[in-house]
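Residues per chain are reported as follows:
2 protein chains.
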Amino acid sequence: MSFKSDIQIAREANKKPIQEIGAKLGMTSDDLLPYGHDKAKVSQRFIDSVQGNKTGKLILVTAINPTPAGEGKTTTTVGLGDGLNAIGKKAAICIREASLGPCFGMKGGAAGGGYAQVVPMEEMNLHFTGDFHAITSAHNLLAAMIDNHIYWGNELQIDERRVVWRRVMDMNDRALRDIVTSLGGVTNGFPRQTGFDITVASEVMAILCLATSLTDLQKRLGDIIVAYRRDKTPIYARDIKADGAMTVLLKDAMQPNLVQTLENNPAFVHGGPFANIAHGCNSVIATTTALKTADYVVTEAGFGADLGAEKFMNIKCRKAGLAPDCVVLVATVRAMKMNGGVAKADLGAENVAAVQEGCANLGRHIANLKSFGVPVVVAINHFAGDSEAEVQAVGDYVETQGSEAILCKHWAEGSKGTIELATRVAEIADSGASQFAPLYKDDLPLFDKIERIAKRIYRADEVLADQKVRNQLKEWEEAGYGNLPICMAKTQYSFTTDPTRRGAPTGHSVPVREVRLSAGAGFVVVICGEIMTMPGLPRVPSAEAIMLNDLGQIEGLF
Amino acid sequence: MSFKSDIQIAREANKKPIQEIGAKLGMTSDDLLPYGHDKAKVSQRFIDSVQGNKTGKLILVTAINPTPAGEGKTTTTVGLGDGLNAIGKKAAICIREASLGPCFGMKGGAAGGGYAQVVPMEEMNLHFTGDFHAITSAHNLLAAMIDNHIYWGNELQIDERRVVWRRVMDMNDRALRDIVTSLGGVTNGFPRQTGFDITVASEVMAILCLATSLTDLQKRLGDIIVAYRRDKTPIYARDIKADGAMTVLLKDAMQPNLVQTLENNPAFVHGGPFANIAHGCNSVIATTTALKTADYVVTEAGFGADLGAEKFMNIKCRKAGLAPDCVVLVATVRAMKMNGGVAKADLGAENVAAVQEGCANLGRHIANLKSFGVPVVVAINHFAGDSEAEVQAVGDYVETQGSEAILCKHWAEGSKGTIELATRVAEIADSGASQFAPLYKDDLPLFDKIERIAKRIYRADEVLADQKVRNQLKEWEEAGYGNLPICMAKTQYSFTTDPTRRGAPTGHSVPVREVRLSAGAGFVVVICGEIMTMPGLPRVPSAEAIMLNDLGQIEGLF
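Residue numbers (the numbering used here), protein chains in the order written: chain W, -17 to 540; chain V, -17 to 540.
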């Protein structure tokens, strides 16, 4: 048991040159574009060269609905990857990049924890290899070109009230949510109301993460709907002639980033779309490259399984032709207790009954995941205060659900703590037991797709949507978008749209407030409840304590 | 004579691994943080290790007032650096980084031209090593923290009408010049009018380029004045507690970037402040590092000598303790003709009389530069259509001014075209003839400093400033800012504040419209005329033609 902080452990990491990490996956130093000595982008030439390789096994790590107790999904992804390597398998992990802005609000890192971390931790939480900056630039170039088009005569007849393309910044800046631009007279354009979202909410981010090549990227960027005319016909980024220059700005950002775990195993860290208004998974290109170079690829999806895994299956896997071989569902005793009604302050005391009651949330996720035809293993991410009886209670419950639970201690022990999980996951993946199928077919009507997700995954009785929403969906179907998958945007804290309803609620409805078409990314966003696309800073932002210490190390970020 | 385009020549470059370039300056591969195979940042450890070395000779390349004919200042800087290396001297060049935004407006590269270029050209005009993105992030973090402070109770009593810190974006986006933020209700803060500048106009950019260390950087960032109270007392970035986190964001951006010329000689490319509201030179840390590792360092200053060289001398050299050993003043026959009244369309025809008349502009710059005590050599940057008689006319004129002119053909011939210039510049630099002194002492009153520049450099009769401006300067003197140098912001096209007055006008006045205190950068900005800090895109932005070709190469950027 270690009492070191994540950042202490990360600083003591015995990192290897990134070329050595790449070599594990068959990459020469020419195949890697280095960013410092411990980060690199994988060249397109290398990616092209491995397309004929056999495809590895794909393992998805997802979790119960998140609670303030913390589940450790990324930590488990890292720990499982290291565990697979420890038992002699050739494994790589694929996770998302961290967003810069939120780091200045609340302390936090997005690279695992304890002895299951990806390094270099500081860089990964700051500029990293510049991908998000490139996305910000590409997004805002399109925005500038739209206003510029209107300024110089508006040949495309854009209705200034119907410009739907906002701007983005990788910063928590509530003042930019709702703004009026082009004040100050004729030379500054036509005043209109718009705003900024945080960069991870950009459709460009979602597109980058779903594109399979630079050609596909440019096609998707061109497909973005940026505005409408007075007759409501759409105007695309292609009409603005921005798709080429945006692709140029994203040329390097499209290449997957390679870093390493504390145990010097390869980790792809690439892309990071929101898990509400977007699909919340790392890039397709990183996942497919990993699958062509490693025998086992462990990846994760944002939020709980009701949002993250559902979108991983129905959006990412469907679109990229991927099929998971095993799902690992992360749960903690503490989170089960909270789902069983215990307050955060009381988590220290043993409470087997509460654990048992909270397991209902876990049980529903198991059943949901199985409905995709994929075998499910529950990883109990061990915390120091967990009692044996509590752990046993989770294990017993999982068994009643026809699944199996394995206790993992990767936070404290690294790969030693996931040997059993890794062994079992490899067995399942190798067994060919998975019979993956998405939840709905492409040709199901859009509203029916929403109902399918709401009823089968959330176990809601009904979907509530007014005529305007239903008509909008119909219009998109008529315009040829009916075959798109659905991207649900709702709270991650509950199966319902009410963040306070933990456990496994029934008898609820899913009210659809708004639908949006992400024509470039290729999905219809269904917004249920308040979704914040530009966070604010708290009263005392962590930025106030972030600084360099006398050794030039970063303090206060974690 | 080559008919290849700049980009063709750049693509055919026989680049060496950046480690080999660093080795020429005594850097091991551990001293370099690579960004790909052809760009690197120089480690702070290396910079610390060379502080005891002897200091090389410093050569400034500046130019006549720019004309649409083009002078080729950067091209000459590159050509002279290569020429010095060609005659066996250990030389490095130091130039500015290019701004991303303007590349999408007008075609253009900021890395020289012909056979006198720095590579990799594409990356240098796009994200490069991410320095400008880091500056954008640091600048906007401070902005977000200011509004956040107000939002959570405004303990510092910021007058919302007197927030002077705007936001920045590296994009030509006129719609953002003048905006109202925080609309949409209570949760979005207090509405107020503000705007965005382009990133190169950020005071953070100027600070990064003047800071001598990370400690100095943080101190200067803390010194930024972000707002005033109702009683007009200033509020600093330090009061907002943003200086530490901004420094963390700028940690890597502070390290100089190393790339190479087409002839594989070392080029530091670092920082790029505006040459009007800021001082327009590459970073002090790049220049001083170059001086400790090379025997000759060739650098340049923005715009013509009246703005660029004046600020190089009075701001950068003064603050960094630098003393130039020789100044190279770039002129072209074509620009002399335009200064002599010839229109751009008529530049093809020989016109010795116009050349002779236009030389007055050149003559005044020679005299001005000599007044700093530094020897001046005129480099005539050869264009294909220049007649021998025209070249001779420039040479004869320069001789009458007590200086010497040397014809250079680096654009067409690389270092072969600057052997004579390099030989002469090295002789002058080695001679110790330079007796550099800035134009004014620190303790001269602020208004007197403005007058000194206006009368001695612009040759104006008087400075016009209303009582408000004069009072403001007095207040700053009382607050302890009287020792700061002046940063003049005026048109670069004329010695006067009227961009149409070419040649060497006399009998003019310099009207001061506004003064601004850049307390972090450490200068007082004096604005004479309209200064645009956020450009717009033209009717047909170059972005429309920028795209990847079938080989994955970037087209349309140059």
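Hints are computed from structural coordinates only; laboratory data are not their basis.
Each hint should be verified, as a subset may be incorrect.
Heads up, the list lumps identical chains together, so a pair's fine if it works in one copy or across two of them.
35 angstroms max Cα-Cα, derived DSBU-like pairs, lysine-lysine [claimed, not checked]:
1. LYS233 to LYS89
2. LYS398 to LYS274
3. LYS423 to LYS36
4. LYS326 to LYS223
5. LYS6 to LYS233
6. LYS89 to LYS72
7. LYS274 to LYS326
8. LYS89 to LYS201
9. LYS352 to LYS(-3)
10. LYS223 to LYS(-14)
11. LYS301 to LYS437
12. LYS36 to LYS(-14)
13. LYS326 to LYS(-2)
14. LYS233 to LYS(-14)
15. LYS(-3) to LYS274
16. LYS233 to LYS(-2)
17. LYS72 to LYS214
18. LYS352 to LYS(-14)
19. LYS72 to LYS352
20. LYS233 to LYS36
21. LYS(-14) to LYS89
22. LYS6 to LYS274
Note that the coordinates shown come from a computational prediction; the quantities given were computed from them, not determined experimentally.
- Message: Are any of the numbered hints broken by this structure? If so, which, sorted upward?
- Response: Checked against the structure, the hints that fail are numbers 7, 9, 12, 13, 17 and 18, while the rest are satisfied.
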